[in-house]
Structure formats: structure tokens, C-alpha cells
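Chemist: Place chain B on chain A using the hints.
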Amino acid sequence: MPTLFAHGIEAGLPSGFEGRIFKRQGSGVEVANAVAQFSTFALPDDVGDFGGGAVTSMGNDDIFAVLFEYGPDSVGTRLFAHQGLPRTLSADDFKPYVLRRGLTGQSGTQWFFTESGRPFTLYAVLGSHARRSILVPRINRLLAGLTVEPAAVGTPAGAPWN
Amino acid sequence: MIALTVVLGVVVALVTVLVAGLLRSHADILKALHDLGAGVGDPVGDTTASSTPGPSAGPQSVPLTMGPALAADRDSTSAPTLAGVTPTGDALAVAPARGGALTLLAFLSTGCASCAGFWESFRRPEQLDLPVGTRLVVVTKGPEREIPGEVAALAAPGLSVLMSSDAWTDYEVPGSPFFVLVDGTSGRRVGEGVANQFRQVAELVRRAEVDAAAFTLGTRPGRDVGIDGPARESANDRELLDAGIRPGDPSLYPTSLDDLYGPPDARMPAAPHPMRRAG
Numbered sequence: 001m002p003t004l005f006a007h008g009i010e011a012g013l014p015s016g017f018e019g020r021i022f023k024r025q026g027s028g029v030e031v032a033n034a035v036a037q038f039s040t041f042a043l044p045d046d047v048g049d050f051g052g053g054a055v056t057s058m059g060n061d062d063i064f065a066v067l068f069e070y071g072p073d074s075v076g077t078r079l080f081a082h083q084g085l086p087r088t089l090s091a092d093d094f095k096p097y098v099l100r101r102g103l104t105g106q107s108g109t110q111w112f113f114t115e116s117g118r119p120f121t122l123y124a125v126l127g128s129h130a131r132r133s134i135l136v137p138r139i140n141r142l143l144a145g146l147t148v149e150p151a152a153v154g155t156p157a158g159a160p161w162n
Numbered sequence: 001m002i003a004l005t006v007v008l009g010v011v012v013a014l015v016t017v018l019v020a021g022l023l024r025s026h027a028d029i030l031k032a033l034h035d036l037g038a039g040v041g042d043p044v045g046d047t048t049a050s051s052t053p054g055p056s057a058g059p060q061s062v063p064l065t066m067g068p069a070l071a072a073d074r075d076s077t078s079a080p081t082l083a084g085v086t087p088t089g090d091a092l093a094v095a096p097a098r099g100g101a102l103t104l105l106a107f108l109s110t111g112c113a114s115c116a117g118f119w120e121s122f123r124r125p126e127q128l129d130l131p132v133g134t135r136l137v138v139v140t141k142g143p144e145r146e147i148p149g150e151v152a153a154l155a156a157p158g159l160s161v162l163m164s165s166d167a168w169t170d171y172e173v174p175g176s177p178f179f180v181l182v183d184g185t186s187g188r189r190v191g192e193g194v195a196n197q198f199r200q201v202a203e204l205v206r207r208a209e210v211d212a213a214a215f216t217l218g219t220r221p222g223r224d225v226g227i228d229g230p231a232r233e234s235a236n237d238r239e240l241l242d243a244g245i246r247p248g249d250p251s252l253y254p255t256s257l258d259d260l261y262g263p264p265d266a267r268m269p270a271a272p273h274p275m276r277r278a279g
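Protein sequences, first through last, are from chains A and B.
So that you can map any letter, position 147 of the first sequence is 147 in the numbering used here, and since no number is skipped, the others follow by simple counting.
So that you can map any letter, position 235 of the second sequence is 235 in the numbering used here, and since no number is skipped, the others follow by simple counting.
If we strip away everything but chain B, and leave its shape as in the complex, we get:
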């Protein structure tokens, strides 16, 4: 009986020590989380402590990143140079922000089922229907993540394939397939996203080409974009003088809508042009 009591006492003592250790460990974890700003309880209650200078001055804000960046956090305009290797072991660097042409970067992998259709499409470049001069570059992850032989087997002859995990990081690619269109004239990304079929991507490229053409309308030679600058100002002056409007004319300083459009009863379809009326 005495021996049983002694054994029981020893067991109780051991359990007590164990529970105390667990509680201490739990307390240390909670304290560490609290210092990182992720503790339980009301952090507002510690504002007085946070005002105290020193290394233990309240919760610290720690950036926590999990998974791909959110849309609002992405740098969706930069177009850094991509550098890596080809499936055959050569080295390749592409600077899409240079050269003036459109560059379509296709981020693909060998394992994703939805990428298979794109690999197959790239075997028929004449059917891609990309605007003339558009450069297509397929970007896979580097040799440490992809098997070069498998990439080479999928890549069509003559297709530019770059293997670089850094490029996926630089362009913040959330997954494959993913497409990025870079305008070499502005040096910026002008489009990016996912697609199920390549014709959707080609349509994106065509729209970007049209937009770029419209944007550069004023700089294209031979286009009649009308007069501009000092010549435009001189033409305006001539129009005003012909209408009898000279410097200081009251019509140049409207104070109400009536000054612009005339009395309400006169704002009919047949109402004279305000400039002519003023003259």
C-alpha cells in the first residue's frame, strides 16, 4: 500500500511538471505572436506600451505574404528583361520593353492540362493570327523546376522558349497558362491575363495594336490630324475676328448659362449659334 502511494505520488508530480511546462511553452508562443502583432486580446489596450521606446515597444507590424499578390498589389506595368536558358542549354535574354514591337510572353508549364492546347497551337504559327511583327516568347520555369527535355519535346521548332523561374517572379505570374503583352514603344505591359484558347489571346493582341496605333496617331507621318500649336491659335483668332468678336468682347466672359446659350425661350433647335449671335 505504501509503495502504491509512493508511485502514485511520483506520477502526480511528473504530470504536474509536464503540465507546467506545457503552460509555459504556450505562454511563450502567445507572447511571441503578440509581439508579432498577431496576438490574442485587444491590441488597443497595449497602445501605452507601444509608446515606450525600446526593442519591446509593443506589437510590430510584420508583412505577411501568402500566395500570389493581389491585383491591387501587383506591379502590372513594368516589363523587365527576362534571362534564362533554352531547353537545349543555350542562354537567352529577352528585353521586351525595347525595340518598338509588341512582345507576347506566354507563361506555360509542361504539367498543366490547360497549357497543352497552347503548346499545340504554337506548332502551327501560320494559324496563330498574330499581328505582323509581334514576337512570341514562351516562358517556363527554370531547369530546377522543369525538365528541359520535356519542354523541348513540347516546343515547336523555331519557337523561342526561355526557362527562367526569376521571370515568373519578376512578372508576378499567378499560375499557368498566363499571358503578358508588352509594348516595346512605351516599354510597358499593356495587357495580361489568362485564356482558354489562343484566339482569345490573339484578339487581345490585335486590340492592343489598334490602341497603340490610335495613341501614336499624332506622330505618324502622312496622317491628317489637323492643325496644332500656334497655327491652331491663329486659326481660332481668324474665326473670332470674322464673327466680329474682338479682344474684350463681353461674349468672351460669360457669367451665366444665358450668356452662353441665350434666354431659355431662345434655346430652340433654330436658335442661332452663340458665337454668331454674339457677333
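Excised from the complex, chain A in its bound form:
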């Protein structure tokens, strides 16, 4: 199983998945945090943090998922009160209207949480809502292989959520 590790995030990729873990260049007072993207299709080189430029090329059997880290100032806020990365999603968690870009046939889910003292959101998209019972177990296998290390001491404060 291929394994990715960068910026305190480790991902064991199930068969058929590819991915990247990166930080964008910060600008001004903005501090970039880790972004981990995973897909069962070829990720374009220039893709938005939440799949802009990628979800439009998804097929019915494709999956896109992103783990997006927020700044440490967000730790302890109500939005990130849930502790722990959701490891087991259900088909009912995916809704056609939970999409950052509404595309016919697709559905998505989004969760905010704190893992290892770091605030994240998990956003996942299914290529076909009708096939969610088949696709969701594949996402769960991906989530089972994700590990987040605690934030390094002295990490500069990033822009808080909101």
C-alpha cells in the first residue's frame, strides 16, 4: 500500500487512490496550513483546495476527498468541538446539496473536527449519489489509513476560521 507523509499527515492509500499532501505559499499575514487531497482519478496539477477544477472530471465511480487544516486559533471554537477524524461514514451522510459546486448526480459530505489538537474539515464528494452504497466503503478504507500528528511546538498562528 503506497504511503504518503508530509506536514504531519500520513495516509496509507487504498488501491486505486492517488493523492497529495501540501501547503500553499503563504501571502502576507496569511499562513498556509496543510491540505491533503485524495482521488480515484487523475488530479489536475492546478486544483482548488476543495476540488475546484477536479470534481468536474469525476466519473460515476470516482471519489474525491480533502482534509483541510485551519489555523490553531480555531482550536476550541464550537465549530471544531467534535474530537477526532470521522472514520466511518454512512451512505446517509452524503447529500446532493452538500456540494461546494452543485453538479448533477454528485453528492458530498463535510465534517469539522479537531484531531491531535489540530482543527480540520473533511470534505468528500461521490461521483454518483446513486452509487453511494458502493463508494462510501471505499472512502472509509481511505479514512482508516489517515493519521494526524500533533502540531509542532512553536507553529505560527494561522488565520482563524471565519
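Derived by calculation from the structure, the hints in this document are not laboratory data.
From the three backbone atoms N, C-alpha and C, an ideal C-beta is built for every residue, glycine too.
Any given hint might turn out to be false.
[Stated by the list, open to error] Restraint ranges, calculated between C-beta atoms of paired labels, are given here: (1) B/133 <-> A/98: 27 to 37 Å; (2) B/145 <-> A/137: 33 to 43 Å; (3) B/149 <-> A/98: 34 to 44 Å; (4) B/89 <-> A/78: 27 to 37 Å; (5) B/239 <-> A/61: 39 to 49 Å; (6) A/5 <-> B/27: 50 to 60 Å; (7) A/29 <-> B/174: 42 to 52 Å; (8) B/236 <-> A/61: 32 to 42 Å; (9) B/254 <-> A/61: 42 to 52 Å; (10) B/194 <-> A/46: 26 to 36 Å; (11) B/125 <-> A/30: 25 to 35 Å; (12) A/52 <-> B/80: 20 to 30 Å; (13) A/29 <-> B/194: 46 to 56 Å; (14) A/52 <-> B/89: 17 to 27 Å.
[Said to hold, decoys possible] A partial selection of chain B residues facing chain A, derived with a Cβ cut-off under 7 Å: (15) 81; (16) 83; (17) 90; (18) 91; (19) 92; (20) 93; (21) 94; (22) 95; (23) 135; (24) 158; (25) 160.
Modeler: Below, chain B without anything else, positioned relative to chain A:
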């Protein structure tokens, strides 16, 4: 005189012990080589010994691998996922066997002179002349073998660069530069090899694209590929009935070339079509 004789005797004794030790060591080495199947002498002569069960039962065949695998030994079709890091320290995994598109993997290094032209070509992506939708990924060896800063200096902005020594092993890359083309539809490698200039590689990719298009001709919507399946069989039956050929007709069971083409003197350009003749 007596002292000289004693010294000489001691020296001779020491030399004797030394020579005996060397001979013993040499014998041990020969025995070990023989056990590994690389001994001198006629191994056929030991067939009786090899039939004896036990740990010392004759020469053992030991696989010996030196250098890159031979062409016949390479797994030239699999396209495993490549995982590693980028020159900037991010993590990247590419699954070329998925997604339906063509992926061109360019195995390059920073030190090889013949790679320099490719690094330079990748700085002008608009001139690469690759088919639309083809993904280009440069693969170097991992940070333990390449200096990320040097790779970053050579890589054009926006170019996907993956540093992974495991990928070189998985794809059995014999050296750099080396190119592998993976078809995401079939999930297989469809081409690989070396090139001196990138236009040679681009030509390989274009040919692969044409081949892939021809291969998927029957599944492309809107293409007139003729009738198939039960409809084709019905059409054949209609043609035969129109020609007066019904089930059991002797022309359906030829026993010689004459049954197919008529007598030799009749096999002229003006000879009637055998099916029409039979009817």
C-alpha cells in the same frame, strides 16, 4: 651454524603451516561455491549426491541478479501507483492506471547529461505537442539519492515532479532518461523506452493515442461500426436465402477447394461468385 639451522627450520615450519592454512581456506571456498551451484568440475557427476535428502543434498540453484533485468524478465505491463515527495517537501502519489487518460512518466535525474534537454523542454509545455489530456509526471530518485534543491531548480513551475526511488524499482527503470506511457483506460503500460529528444517521445504518445482510439472503436457512441451480434446473424441468413441456399445445402459443407472455388479451369477472373454459383 647450529643457530642458523634452527632458524631455518623454524621458518620452514611456519611456511608449511601458512601454506596448509591457505590450502584449507581455498578448499572451503571451493566447497561453498560448489554448494551454491557455482563450483568447478562436472556438476552432473554429483547427481547421485543430489538425490540424497538432507541439507547437504547436492548443488542448490541460487538466483543471481546483476544490473537491470533483461527484457524478457521485465514486467513491462503493470502500472503500480507511484508515491514519494516533491522537491518542495510535499507528498505526492500518482495512480496512472486509473482515470482513463494517458500518463507519461519521465524518469530523469539531475546528473545525466542527456536528461538536460528534457528538463529544458518541459519549461515550454506549449511546445511539447502531447495529445490533449495527457498527463506528464517527471520521476526522479528519492531525496536519499537526489538533492531536492537541484531537482527544484531544474523543474519548470507547474511541472509535476515526484521523487521516489521505489518508483524506479517498481517500473524496473534501467537508467535515465527513460519514459513509460500508461493507458488509464486499460490500466497498463502501453509503451516504454529511451529517447534522445522529446519529439520522439511525443510521437510515441500520439501513436498510442491512435491505437487506443482504434481499440475502443466499437464502444464509441455515434460511430458506424456495422451490425453485430444477433442482427448480424439474421442478415447473413437473409443473404443466404436470397441466394437460394437453405439449411443442408451441399455448398455449406465443402470437402475440397473445388467445392469452394469451382474447377481449376473455372477459376478465372470472370468466374462467378461461389455463393451465387451454388445458388
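Chemist: All hints are to be evaluated individually against the structure, with a verdict given for each.
Modeler: Hint check:
1. B/133 <-> A/98: 27 to 37 Å: With a Cβ separation near 29 Å, residue 133 of chain B and residue 98 of chain A satisfy 27 to 37 Å, so the hint holds.
2. B/145 <-> A/137: 33 to 43 Å: Distance hint for residue 145 of chain B, residue 137 of chain A holds at roughly 38 Å.
3. B/149 <-> A/98: 34 to 44 Å: holds, 42 Å
4. B/89 <-> A/78: 27 to 37 Å: holds, 34 Å
5. B/239 <-> A/61: 39 to 49 Å: holds, 42 Å
6. A/5 <-> B/27: 50 to 60 Å: holds, 52 Å
7. A/29 <-> B/174: 42 to 52 Å: For residue 29 of chain A and residue 174 of chain B the Cβ distance comes to about 50 Å; the hint holds.
8. B/236 <-> A/61: 32 to 42 Å: Roughly 38 Å apart at Cβ, these two residues keep to the hinted range, so it holds.
9. B/254 <-> A/61: 42 to 52 Å: holds, 50 Å
10. B/194 <-> A/46: 26 to 36 Å: holds, 30 Å
11. B/125 <-> A/30: 25 to 35 Å: holds, 29 Å
12. A/52 <-> B/80: 20 to 30 Å: This hint holds: roughly 29 Å between Cβ atoms.
13. A/29 <-> B/194: 46 to 56 Å: Holds: the Cβ-Cβ distance is about 49 Å, inside 46 to 56 Å.
14. A/52 <-> B/89: 17 to 27 Å: holds, 24 Å
15. 81: holds, 5 Å
16. 83: For residue 83 of chain B, the interface hint holds, since the closest Cβ of chain A sits about 4 Å away, which is under 7 Å.
17. 90: Hint holds; residue 90 of chain B Cβ to chain A Cβ min 4 Å, cut 7 Å.
18. 91: The hint holds - residue 91 of chain B has a Cβ within 7 Å of chain A, the shortest such distance being about 4 Å.
19. 92: holds, 5 Å
20. 93: At 5 Å from the nearest chain A Cβ, residue 93 of chain B passes the 7 Å test, so the hint holds.
21. 94: Since chain A brings a Cβ to about 5 Å from residue 94 of chain B, closer than 7 Å, the hint holds.
22. 95: This hint holds: residue 95 of chain B lies near chain A, its Cβ roughly 4 Å from the closest one there, short of 7 Å.
23. 135: holds, 6 Å
24. 158: Check passed: Cβ of residue 158 of chain B comes within 6 Å of chain A, closer than 7 Å.
25. 160: holds, 6 Å
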